[in-house]
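A.B. asks: What follows is each chain in one-letter form.
Number of protein chains: 2
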Amino acid sequence: MQRTLVKDALNATASSNAILLQGWVRTRRDAKAFSFIELNDGSCLKGMQVIVDATLPDYGNVAQANTGASIEVHGKLVESKGGGQKWEVVAEKFTVLGEADNTYPLQKKGHSLEFLREIAHLRPRSNLFGAVFRVRSRLAYAVHQFFQERSFHYVHTPIVTASDAEGAGDMFRVTSLDLANPPKTADGKGVDNAQDFFGKKTFLTVSGQLEAEIFASALSNVYTFGPTFRAENSNTSRHAAEFWMIEPEVAFCDLNGNMDLAEAFVKHLIRDAKEHCAADLEFFGKFVDKDLLARLDFVLEKPFVRCSYTEAVTILEQSGKTWEHPVAWGANLQAEHERFLTEEHFKCPVTVYNYPRAIKAFYMRQTDGTAEGRETVAAMDLLVPGIGEIIGGSQREERLDKLRAGMALHQLNEKDYWWYLDLRRYGTVPHAGFGLGFERMLMFVTGVANIRDVIPFARTPGTADF
Amino acid sequence: MQRTLVKDALNATASSNAILLQGWVRTRRDAKAFSFIELNDGSCLKGMQVIVDATLPDYGNVAQANTGASIEVHGKLVESKGGGQKWEVVAEKFTVLGEADNTYPLQKKGHSLEFLREIAHLRPRSNLFGAVFRVRSRLAYAVHQFFQERSFHYVHTPIVTASDAEGAGDMFRVTSLDLANPPKTADGKGVDNAQDFFGKKTFLTVSGQLEAEIFASALSNVYTFGPTFRAENSNTSRHAAEFWMIEPEVAFCDLNGNMDLAEAFVKHLIRDAKEHCAADLEFFGKFVDKDLLARLDFVLEKPFVRCSYTEAVTILEQSGKTWEHPVAWGANLQAEHERFLTEEHFKCPVTVYNYPRAIKAFYMRQTDGTAEGRETVAAMDLLVPGIGEIIGGSQREERLDKLRAGMALHQLNEKDYWWYLDLRRYGTVPHAGFGLGFERMLMFVTGVANIRDVIPFARTPGTADF
Numbered sequence: 084m085q086r087t088l089v090k091d092a093l094n095a096t097a098s099s100n101a102i103l104l105q106g107w108v109r110t111r112r113d114a115k116a117f118s119f120i121e122l123n124d125g126s127c128l129k130g131m132q133v134i135v136d137a138t139l140p141d142y143g144n145v146a147q148a149n150t151g152a153s154i155e156v157h158g159k160l161v162e163s164k165g166g167g168q169k170w171e172v173v174a175e176k177f178t179v180l181g182e183a184d185n186t187y188p189l190q191k192k193g194h195s196l197e198f199l200r201e202i203a204h205l206r207p208r209s210n211l212f213g214a215v216f217r218v219r220s221r222l223a224y225a226v227h228q229f230f231q232e233r234s235f236h237y238v239h240t241p242i243v244t245a246s247d248a249e250g251a252g253d254m255f256r257v258t259s260l261d262l263a264n265p266p267k268t269a270d271g272k273g274v275d276n277a278q279d280f281f282g283k284k285t286f287l288t289v290s291g292q293l294e295a296e297i298f299a300s301a302l303s304n305v306y307t308f309g310p311t312f313r314a315e316n317s318n319t320s321r322h323a324a325e326f327w328m329i330e331p332e333v334a335f336c337d338l339n340g341n342m343d344l345a346e347a348f349v350k351h352l353i354r355d356a357k358e359h360c361a362a363d364l365e366f367f368g369k370f371v372d373k374d375l376l377a378r379l380d381f382v383l384e385k386p387f388v389r390c391s392y393t394e395a396v397t398i399l400e401q402s403g404k405t406w407e408h409p410v411a412w413g414a415n416l417q418a419e420h421e422r423f424l425t426e427e428h429f430k431c432p433v434t435v436y437n438y439p440r441a442i443k444a445f446y447m448r449q450t451d452g453t454a455e456g457r458e459t460v461a462a463m464d465l466l467v468p469g470i471g472e473i474i475g476g477s478q479r480e481e482r483l484d485k486l487r488a489g490m491a492l493h494q495l496n497e498k499d500y501w502w503y504l505d506l507r508r509y510g511t512v513p514h515a516g517f518g519l520g521f522e523r524m525l526m527f528v529t530g531v532a533n534i535r536d537v538i539p540f541a542r543t544p545g546t547a548d549f
Numbered sequence: 084m085q086r087t088l089v090k091d092a093l094n095a096t097a098s099s100n101a102i103l104l105q106g107w108v109r110t111r112r113d114a115k116a117f118s119f120i121e122l123n124d125g126s127c128l129k130g131m132q133v134i135v136d137a138t139l140p141d142y143g144n145v146a147q148a149n150t151g152a153s154i155e156v157h158g159k160l161v162e163s164k165g166g167g168q169k170w171e172v173v174a175e176k177f178t179v180l181g182e183a184d185n186t187y188p189l190q191k192k193g194h195s196l197e198f199l200r201e202i203a204h205l206r207p208r209s210n211l212f213g214a215v216f217r218v219r220s221r222l223a224y225a226v227h228q229f230f231q232e233r234s235f236h237y238v239h240t241p242i243v244t245a246s247d248a249e250g251a252g253d254m255f256r257v258t259s260l261d262l263a264n265p266p267k268t269a270d271g272k273g274v275d276n277a278q279d280f281f282g283k284k285t286f287l288t289v290s291g292q293l294e295a296e297i298f299a300s301a302l303s304n305v306y307t308f309g310p311t312f313r314a315e316n317s318n319t320s321r322h323a324a325e326f327w328m329i330e331p332e333v334a335f336c337d338l339n340g341n342m343d344l345a346e347a348f349v350k351h352l353i354r355d356a357k358e359h360c361a362a363d364l365e366f367f368g369k370f371v372d373k374d375l376l377a378r379l380d381f382v383l384e385k386p387f388v389r390c391s392y393t394e395a396v397t398i399l400e401q402s403g404k405t406w407e408h409p410v411a412w413g414a415n416l417q418a419e420h421e422r423f424l425t426e427e428h429f430k431c432p433v434t435v436y437n438y439p440r441a442i443k444a445f446y447m448r449q450t451d452g453t454a455e456g457r458e459t460v461a462a463m464d465l466l467v468p469g470i471g472e473i474i475g476g477s478q479r480e481e482r483l484d485k486l487r488a489g490m491a492l493h494q495l496n497e498k499d500y501w502w503y504l505d506l507r508r509y510g511t512v513p514h515a516g517f518g519l520g521f522e523r524m525l526m527f528v529t530g531v532a533n534i535r536d537v538i539p540f541a542r543t544p545g546t547a548d549f
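Just so you know, the protein sequences line up as chains A and B, in that order.
For the first sequence, the numbering used here gives the first residue as 84, with consecutive numbering after it.
For the second sequence, the numbering used here gives the first residue as 84, with consecutive numbering after it.
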């Protein structure tokens, strides 16, 4: 007999004479004449209430159906007599497939998030993490739907790379050499990297952008969605050494088109989560962050304001606020500034654009006609309440001479970027793109405050368990 | 004015007074009174024919519109007078955005695949690689659609791992230590891995299966789709050091259910490619592999035969063939055996199941009631013509005592798998899954013979360019 998922059973339109449910016991309550069992199979937040009558020949099995045990129930789907649910299942055959004794760590509620990280192999069975990882799966799909329906092509940019995309951060080394006894160069001093697997030093990628530009220069509209890495020793609630990033890259697109795309993308993801993960979001709103649903609606319904960096600095200077980090043209905006702009000043999501050239990456397009000392590039950051920057992007420098000047300014070696320069030598086009950290978006959509709790198995300094 | 993609213009249902195309020049032919330009924007295989009349004020720009140059055309979509296409565009405004001089490497046709790998930053602009990467993008989406529509949850299993999934092959080391001067242990002899970023030795994953089993034990139906790595020094047309793999894992599923899923999955991907990439597949059938389309239909239309390993050995022994690799119960099937079964004996796709225990991984479920010396496990390999094995999978050993015995047989340390064993201690369920190498599937669907040509930037021994 075909299994029915709890999610489908709960949405049934009619009772059924025969149904097969399989899942895990969340709770069991024994009364005199029957037992109530809440069966959860992870297909949705809610479980199905199963009633096992004491007169059932299998009733003896119920004693083994402790919290965490896996069970199989053949029965009938009937209208529930109690409140709180429409349907319940009356068992006709009841089997315990796998027991869970009283050492099962998830028996009692109220475990700390820290403890649950230590049992990351069991935490997806909890309400909170079941919900987080259902939303993660759904939003990953929504990412693909958004781009595929707009004729974007998905590109798998390389994970192992010999180039440092933008000097964006410390990189992990990838090697097949024996660290205890690496081959030496002829002078006996250094490591002979030519003997490594790829014939040179290789690293884990920090961004697929430059390679995505290659594909945008051929297929026009592309996006990446893959793991990226930072070997930064920062033990914060917002940094992980391994995280997933989405990077669209669009040919024949300028900064305005890029802002349009980024805003539509963020709204699409929120709308999709509301539509497909309503029960899970409601759970987060109740138990994780009371303001969550209002904040999501805020971003969905409010128009996005666009404000140049220079305007933003003026607003911050004239705000009368005392800042921990001083505000000055030429300095980066800090989280406190970003949150002020979106939460207090504009009271809506804000896209800040045209940042000082000196503080941004070499590949960003120099804004035409900006004064010396106040040169800007066509960069943009999308700010949302509660989080601050959620997307960063730019129009790319498509002019060969200007790109070379940018590389010189940032002290990069042209030889390392010969193919990137080629894109400007042959049929160069205006193009733009951005990056969205998938986990940051998940934190925004779920209200979960620590990045470790929206990744199946977090990799952070000192931690690579499971 | 909004850009129109060539693919949408070619499928237009009516002529238009105003259209904006942007793309790259594939060919240009100058006649006396006008020039013909084939504009390609990567949205589809075919380009749009653009006619620039010599009386146009912009006609002078045409001289710069060499192969590879990027152009922008404002014009009218009109019915084509020539054969071969329904629509063409009569230019009203013609602009060259980025020139390409005669050093542009893709000017002439007939470059070798080897040469094109050296210019992997330009090859997506060719017909062949444009088609390959459109199919790659589409099939990646089809993977997600297949599983999401069946209520599977997508799981991002970790890329950096401290565990070796199955001793499946040589692994790359991931480290932030200085290879030239790594910290030493107290005795001064070994490397002090405790000082590495994650506090221990870490590697690039070879499979997400074991972690997927964690999630199947909570969300029931899950799949992974991510990069995996092998540090094997094999320079063949079928091996890459970095490749993408899809690994579904299904709770409450046995080997038969697993075979059903694998067969439906393969058919879905082929059907999807035929439906959404018809022109690209036609191109492959014409220029890459004349038998391609027949082979795809073969897999789509033929029933899949299921044949036990023991039956397969008997068939091979009785075939009267001379084998390069001897056939004997207990030995692995080789490519020549697999291809004989699917191409010559059964003449249809074949799923071989129940393999000798000794040659398979520790986590595979021991088949009940098999005789000593002929013990088998519930493993399966799906074989297709031209390729041989395209999917490998198994029902997993869900019984704690049997799993421990399997680990002992394979000389694995239980301490390294404490969490994997926990899945059998708490609410264990029958479950099964398989792995599909995405590039192998792409080779099958496109007919492209070398794995280096279905990956954007291949990583192979000695090669990590771009």
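It cannot be assumed that every hint is accurate.
One copy or two, it doesn't matter: identical chains are merged, so the pair holds either way.
Subject to a maximum C-alpha distance of 27 Å in a straight line, what follows is the list of computed DSSO-like cross-link-like pairs (lysine-lysine) [as the list claims (entries may be wrong)]: (1) K191 - K498; (2) K373 - K284; (3) K385 - K192; (4) K267 - K283.
Treat the hints as calculated values from the structure; they're not laboratory data.
Since this is a predicted model, take the numbers as computed values, not measurements.
A.B. asks: Hint by hint, where does the structure go against what was stated? Just the numbers, ascending.
C.D. replies: Hints 2 and 3 are the ones this structure does not satisfy, whereas the remaining hints hold.
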